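S.K.: Read in full-length UniProt numbering, the sequence shown has 52 at position 52, and its numbers run on one by one without any break.
Among the clues, some could well be false.
DEER-style ranges, computed between Cβ atoms [unchecked claim]: (1) E81 with L60: 23 to 31 Å; (2) R64 with K41: 33 to 41 Å; (3) P99 with S65: 13 to 21 Å; (4) I95 with S65: 18 to 26 Å; (5) I45 with K93: 23 to 31 Å; (6) F53 with H98: 18 to 26 Å.
Worth flagging that the hints you see were computed from the coordinates, not collected in a lab.
All values reported here derive from a predicted model rather than from experimental measurement.
For each residue, glycine too, the CB sits at the ideal point set by N, CA and C.
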Amino acid sequence: MISFQFISRSIASKLKYVQIRQMNGSGYDTARQQQRNLRRKYAIIGCTCMMFFGSHGVLLWRRRSENRALNKEIPPIPYVEFERDYLLTGKVKSIVVHPHFQVCDAYTERKDLTPEKVSKSMLQSVSFYLFSNKLF
1 MISFQFISRS IASKLKYVQI RQMNGSGYDT ARQQQRNLRR KYAIIGCTCM
51 MFFGSHGVLL WRRRSENRAL NKEIPPIPYV EFERDYLLTG KVKSIVVHPH
101 FQVCDAYTER KDLTPEKVSK SMLQSVSFYL FSNKLF
């Protein structure tokens, strides 16, 4: 019967290097734990980037679909016509500019609405007109 010491010596004599690993208190190798922590950091950073770009993609798609729906309901008018009919007459309450879409949203007050007719949504109390942004 061959003893364990003889087998371990014969195996150890064939090795060139012996690596000594330090174990932490919970029994894990510290190098492996550091690799695991590094992989976890990369995964968190990757997930954060995917959520950032994904949310921007969803919001961009949503804005474009809303823009198409509004164009069907209220077609956009040229800037010259808007300036003549609405801007110079003082009917415009506010203007929201979207330069990346080359569109402006103009909000006007409706005179026929009373406080009883106005609902919870502010969008129902104003009518808005889209026009192409010729300012830039």
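S.K.: Now look at each hint and say whether the structure bears it out.
M.R.: Taking the hints in turn, this is what the structure says about them:
1. Checking the proposed 23 to 31 Å range against E81 and L60 shows it holds: the Cβ atoms sit about 29 Å from each other.
2. Between R64 and K41 the CB atoms are about 35 Å apart, so this pair conforms to the stated range of 33 to 41 Å.
3. Hint check: P99 to S65, Cβ distance near 20 Å, so the stated range 13 to 21 Å holds.
4. For the pair I95 and S65, the supplied restraint of 18 to 26 Å holds, since their beta-carbon distance comes to about 23 Å.
5. For the hinted restraint 23 to 31 Å between I45 and K93, the CB-CB distance of approximately 44 Å leaves it violated.
6. Hint check: F53 to H98, Cβ distance near 20 Å, so the stated range 18 to 26 Å holds.
When the structure is compared with the earlier hints, a violation turns up for hint 5 alone.
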